[in-house]
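Chains as they are written, first to last, in the working numbering: chain A, 1 to 246; chain B, 1 to 243; chain C, 1 to 277; chain D, 1 to 335.
Simulated from the structure, these hints should not be mistaken for laboratory data.
In silico lysine-lysine, DSS-like type, Cα no more than 25 Å apart, as pairs:
hint, chain 1, residue 1, chain 2, residue 2
1, D, Lys216, D, Lys133
2, C, Lys154, D, Lys13
3, A, Lys232, B, Lys214
4, D, Lys216, C, Lys267
5, A, Lys63, A, Lys83
6, A, Lys202, A, Lys3
7, A, Lys172, B, Lys214
8, A, Lys186, A, Lys172
9, B, Lys214, A, Lys174
10, C, Lys154, C, Lys170
11, A, Lys239, A, Lys174
12, B, Lys200, B, Lys187
13, A, Lys174, B, Lys227
14, C, Lys139, D, Lys33
15, C, Lys170, B, Lys62
16, D, Lys211, C, Lys267
17, B, Lys62, D, Lys323
Now for the letters of each chain:
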Amino acid sequence: MTKILDVQNLSLYSGNVTLLIDISFTLEQGQIMTVFGPSGSGKSLLCKSILNLQNQNLHKTGKILFMNKDISHQNNLKSVRGKTISIMFQSVSKSLNPMLTLGQHLVQVSKRNNDDLLMDVGFSNPIEILQKYPHQVSGGELSRFGLALALAPNPRLLILDEAFTSIDDNLKTKFVNLIKNLVHQKQLSIILVTHDLDILDKLSDNYIVMQNGEIIETNNNLSTSSNSEYLKNSISSFKRLYNDDF
Amino acid sequence: MNNLLLNVANISLVNRNQILKSNQSFALKDISFSLAENNSISLIGDSASGKTSLIMALLKLKPISSGKIFYKGKDINLFSKTELVQYRRNIQPVFQNYEESLNPLLTIQNNLYYGFSNRLTKKEKLLKLNNLVNLMGLNNNILSKLPFQLSGGEKQRITIIRALVTEPEMIILDEPFSSLDVINQEKLLAVFQQIKSEFKVSYIFITHKIPLIKYFSDSIFSINKGKMQKLENYRAYENLKND
Amino acid sequence: MKQIINEIWQNRNFKLGLILLLLVIIFSAILPNILPGDPNFQNMEKCYTKPTSQHICGTDNLGRDIFLRLIHGSGLSLKISLTTSLFSVLIGLTIGFISGSSPKSIDYILMRMTDLFFGFPKYFLFILVLGFGEFSLLKLIIVLSIFSWMETAKMVRSETHYINSSLFVKSAICQGLSKSNLFFIHYLPNLAGILISSYTLQVSTIILVESGISFIGLGVQSPNISLGTILNQARYFPYDNYTLIIFSGLFILLNVSTFHFLGDGLKATTNKEKFQK
Amino acid sequence: MNYKKFIYSVLFKLFTIFLLILLGLILLFILIKTIPGSSDIKYISTAFSLERQQELQNIYGSDNSPILVQLFKWMKNTVNFDFGHSTQSGLPVKQIILSSFLPTILLSFLAVTWGLLIGFPFALVSATNPGSKRDKFITLLMVLSYSLPAYWIGLFFLQFFSYKLNIFPSSQLFDIPGIYPSLFSKFTSVLYHLFLPSLALGLSFAAYFYKYLKTKLIDILDSEYILAAKARGLSAKTIILSHIIPNLILPVLSLFSTITPLFFSGAVTIEYIFSIPGIGRTMINAAVARDIPLIIGGATISFIAIMLINTFYDILLVIFNPKIKTEWINETNNK
Numbered sequence: 001m002t003k004i005l006d007v008q009n010l011s012l013y014s015g016n017v018t019l020l021i022d023i024s025f026t027l028e029q030g031q032i033m034t035v036f037g038p039s040g041s042g043k044s045l046l047c048k049s050i051l052n053l054q055n056q057n058l059h060k061t062g063k064i065l066f067m068n069k070d071i072s073h074q075n076n077l078k079s080v081r082g083k084t085i086s087i088m089f090q091s092v093s094k095s096l097n098p099m100l101t102l103g104q105h106l107v108q109v110s111k112r113n114n115d116d117l118l119m120d121v122g123f124s125n126p127i128e129i130l131q132k133y134p135h136q137v138s139g140g141e142l143s144r145f146g147l148a149l150a151l152a153p154n155p156r157l158l159i160l161d162e163a164f165t166s167i168d169d170n171l172k173t174k175f176v177n178l179i180k181n182l183v184h185q186k187q188l189s190i191i192l193v194t195h196d197l198d199i200l201d202k203l204s205d206n207y208i209v210m211q212n213g214e215i216i217e218t219n220n221n222l223s224t225s226s227n228s229e230y231l232k233n234s235i236s237s238f239k240r241l242y243n244d245d246f
Numbered sequence: 001m002n003n004l005l006l007n008v009a010n011i012s013l014v015n016r017n018q019i020l021k022s023n024q025s026f027a028l029k030d031i032s033f034s035l036a037e038n039n040s041i042s043l044i045g046d047s048a049s050g051k052t053s054l055i056m057a058l059l060k061l062k063p064i065s066s067g068k069i070f071y072k073g074k075d076i077n078l079f080s081k082t083e084l085v086q087y088r089r090n091i092q093p094v095f096q097n098y099e100e101s102l103n104p105l106l107t108i109q110n111n112l113y114y115g116f117s118n119r120l121t122k123k124e125k126l127l128k129l130n131n132l133v134n135l136m137g138l139n140n141n142i143l144s145k146l147p148f149q150l151s152g153g154e155k156q157r158i159t160i161i162r163a164l165v166t167e168p169e170m171i172i173l174d175e176p177f178s179s180l181d182v183i184n185q186e187k188l189l190a191v192f193q194q195i196k197s198e199f200k201v202s203y204i205f206i207t208h209k210i211p212l213i214k215y216f217s218d219s220i221f222s223i224n225k226g227k228m229q230k231l232e233n234y235r236a237y238e239n240l241k242n243d
Numbered sequence: 001m002k003q004i005i006n007e008i009w010q011n012r013n014f015k016l017g018l019i020l021l022l023l024v025i026i027f028s029a030i031l032p033n034i035l036p037g038d039p040n041f042q043n044m045e046k047c048y049t050k051p052t053s054q055h056i057c058g059t060d061n062l063g064r065d066i067f068l069r070l071i072h073g074s075g076l077s078l079k080i081s082l083t084t085s086l087f088s089v090l091i092g093l094t095i096g097f098i099s100g101s102s103p104k105s106i107d108y109i110l111m112r113m114t115d116l117f118f119g120f121p122k123y124f125l126f127i128l129v130l131g132f133g134e135f136s137l138l139k140l141i142i143v144l145s146i147f148s149w150m151e152t153a154k155m156v157r158s159e160t161h162y163i164n165s166s167l168f169v170k171s172a173i174c175q176g177l178s179k180s181n182l183f184f185i186h187y188l189p190n191l192a193g194i195l196i197s198s199y200t201l202q203v204s205t206i207i208l209v210e211s212g213i214s215f216i217g218l219g220v221q222s223p224n225i226s227l228g229t230i231l232n233q234a235r236y237f238p239y240d241n242y243t244l245i246i247f248s249g250l251f252i253l254l255n256v257s258t259f260h261f262l263g264d265g266l267k268a269t270t271n272k273e274k275f276q277k
Numbered sequence: 001m002n003y004k005k006f007i008y009s010v011l012f013k014l015f016t017i018f019l020l021i022l023l024g025l026i027l028l029f030i031l032i033k034t035i036p037g038s039s040d041i042k043y044i045s046t047a048f049s050l051e052r053q054q055e056l057q058n059i060y061g062s063d064n065s066p067i068l069v070q071l072f073k074w075m076k077n078t079v080n081f082d083f084g085h086s087t088q089s090g091l092p093v094k095q096i097i098l099s100s101f102l103p104t105i106l107l108s109f110l111a112v113t114w115g116l117l118i119g120f121p122f123a124l125v126s127a128t129n130p131g132s133k134r135d136k137f138i139t140l141l142m143v144l145s146y147s148l149p150a151y152w153i154g155l156f157f158l159q160f161f162s163y164k165l166n167i168f169p170s171s172q173l174f175d176i177p178g179i180y181p182s183l184f185s186k187f188t189s190v191l192y193h194l195f196l197p198s199l200a201l202g203l204s205f206a207a208y209f210y211k212y213l214k215t216k217l218i219d220i221l222d223s224e225y226i227l228a229a230k231a232r233g234l235s236a237k238t239i240i241l242s243h244i245i246p247n248l249i250l251p252v253l254s255l256f257s258t259i260t261p262l263f264f265s266g267a268v269t270i271e272y273i274f275s276i277p278g279i280g281r282t283m284i285n286a287a288v289a290r291d292i293p294l295i296i297g298g299a300t301i302s303f304i305a306i307m308l309i310n311t312f313y314d315i316l317l318v319i320f321n322p323k324i325k326t327e328w329i330n331e332t333n334n335k
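From just these sequences and the hints, can you work out the full model?
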């Protein structure tokens, strides 16, 4: 298998405060990696700093190799951002420009006809939805469109930053199936940020657990004994709460 | 059979286009359900299914277009001013967005204090407040802080305490678990169960997450595009959606 | 409350404003009361003198001491703008709050009324009202406040809307708080930031507007002195004598920027978002 | 698409504006009645010829007629733009006011242009580097230009550039009226004469624009949709053209509508200093000469003009705002 992303010793500082500490991991083509951890552990910040989208006043060190190219440099970054690496933020409604229709958003990232893609994410009438403004569509539709927008440029790596938090269980199942298909068909790689154990279990090939800006565990199977306290507690809570589902 | 607390009969709520008052659409359509003392009911529905409108209608914060809500057999639309106040004090909401549920400029104590019944003396109020804070597993010194100094979990507990200070019979829980991780979900669930056993409250639990429903399921309803349907058990919801 | 005061104290603009306020108080409130001399005393033999030890800011075209005139004028200008702003903020609060907490129809009518007052050509109406009849300070203050409450009203209204829809007010209603309790416990503290900052910003605007009206001869009338009436004399000065322009400019600059800095500082720190996170 | 609602809404808007203007006229009438001299014509009747007195009575009604009759007469004459004749020059008020509008509008237009030319680039620099040294310097500069009134800057310019250096004219629009051979030379003379006054006025506009545009720009630049647009790999050009500028249109339009009143009456002090024969100067002269018909006419015509211009901005605001536009033009599909 080929390595698609290689993060080496990534750290992020704000003055004297360290926000991310020495993050290293690798992701292989066609794999799904989950970033798991309590809120405030630096998951979202990690996603943003892969594409150098963090607040520019923060100091960043370390190396990020994407398909063997160093994308910590601005020049290489331009050729991957939004082209071979896509990111979907948690709140799709905030990440769309209120003055543009959905169609105008889509056309900016992909010139070709995306009707099939829109059908895939569950829009029965793509032409109609593209004429609407963000405020005219419901939260569920926005999440679907957000996914379509991230997939439209045909990326090699998709980063989903808490994309499953605000959607309901039904749509979640749909997304899970869609993502499984994409990974299977196109050898897409995915970084998935979540605090949902269910997703972690159903989707990921391997996972990292973060706490206080650090990776405290790297593993590929939930059932093998985990050594971090947070994950252990989460699993036992999960079992007690959802025992008949797990 | 327990006493019936709340009986909602065929209520509808119409969304009005603000400018020309045409474009009517139903936020809620023919909703009926009832809630008995010390029972819990669950409402499952997607985002924008009309859940928020229902909460507002139950609290009489939004007028309903048709139908009636009976509280202990009496139509809430016919309530006098004092009856309405008493009714609202008996049915307390805990909103999903706990970040915005507290007045940012008041200390936690003042955020909670004004909810107590006027019959209590100041001493009694403070005593009760301290007991509630301890019951929730929070430290007393939290009372003198401002909301922005609290963590998300603490704020959420404070909003639950606020719902309890009026000694309600029913508590409406709007997606209390949605932004929590499993560990905190479990802790919060324990809190709700303790409250139920200690204060004998009924819950109206509103959610889009199916699995936790079983803890609030004397009866289960699904709500979709403003319409409501009774379900046998929570597994039926998945079948319903797949149709 | 402590945190809020702390937060405000940390703001640089506010601190700068406070230091300048000290100067303003010394120049416009203390000095006019302790310095002897009549600001209207004319000495035709000493016209257009440049700064000397006797007249530290020189004299004007009628030989009057500019410094004396400036401190007295600045005092009156401040009195007028402080009172006017108080009235205008009170009107703004009343209209804005009624508008924000009323049903849509009343809200609509009040907001169109506000637009109407925005639409009046202010200065022409000042001319219309102040150009005729007896001049009195009260008349000036009333006219100025009638045409300066609109911005506050709009801000109070939108803040009231925000508070209306906030969950803490919904919760408070459900706890059966009376309307007056609701107003004093939840609305007023949340509106206070806007009211205080728009009061101070209003003061700086009114100083400018009042001096403009007095400058064209319609505002403060002799023997009263305002910064505008003093500057009016600058038009008669010879081309190489800048004393009056420079010194009166400094006084206006000091007065306006003081309240501007104070208002800006308050506005930045009473911004809600800070206390929600 | 269904434009019916849009047209209804525009008609509704026009109707409200009509009502507002009516209401404004009533308020003006009340104001006029409180002025000693217009309600009690005898008070200053010595200054008026019999003909003028008669005319004023025709327009504002005599004191003896019922107040509603007076109001009706005033409305009727205002609708016809008939404010009688000036008591100083004897010319019709309408003619004097309309002819003095042009210099004022030209002056204000130039001043707004200065304001935008100075305020916008500064706002852009400050908003893109908040907290930097450049930002602090610009902010200080703008506080200065905000705190010094336009007429002070005007006086200073006059003293320095006109009297001392003698490189700019100090008053009027022409050196000697009537000597200009072509329209172009006439126009350049006007621009030359308006340079100092418009810059003085423009500097105080600039501070106002700067403050407003800076906050709006920071809001936009900090928004998540700009971050998301960057994440989508869009070029800087696309981000500016289709994400920043469209979101700036609405704030700029509402900025323009707040300065419309200043377009007419904001230049009073500047016109006074530089003796520009604009509406402000006309009004001050009228006040000095107690020319009541002229003052009332000037205020009323300006008021109506401001309301109409703002209606135009309001309609533009609706057209550019997708939230209102979609509500007005599209049928929302409710099944």
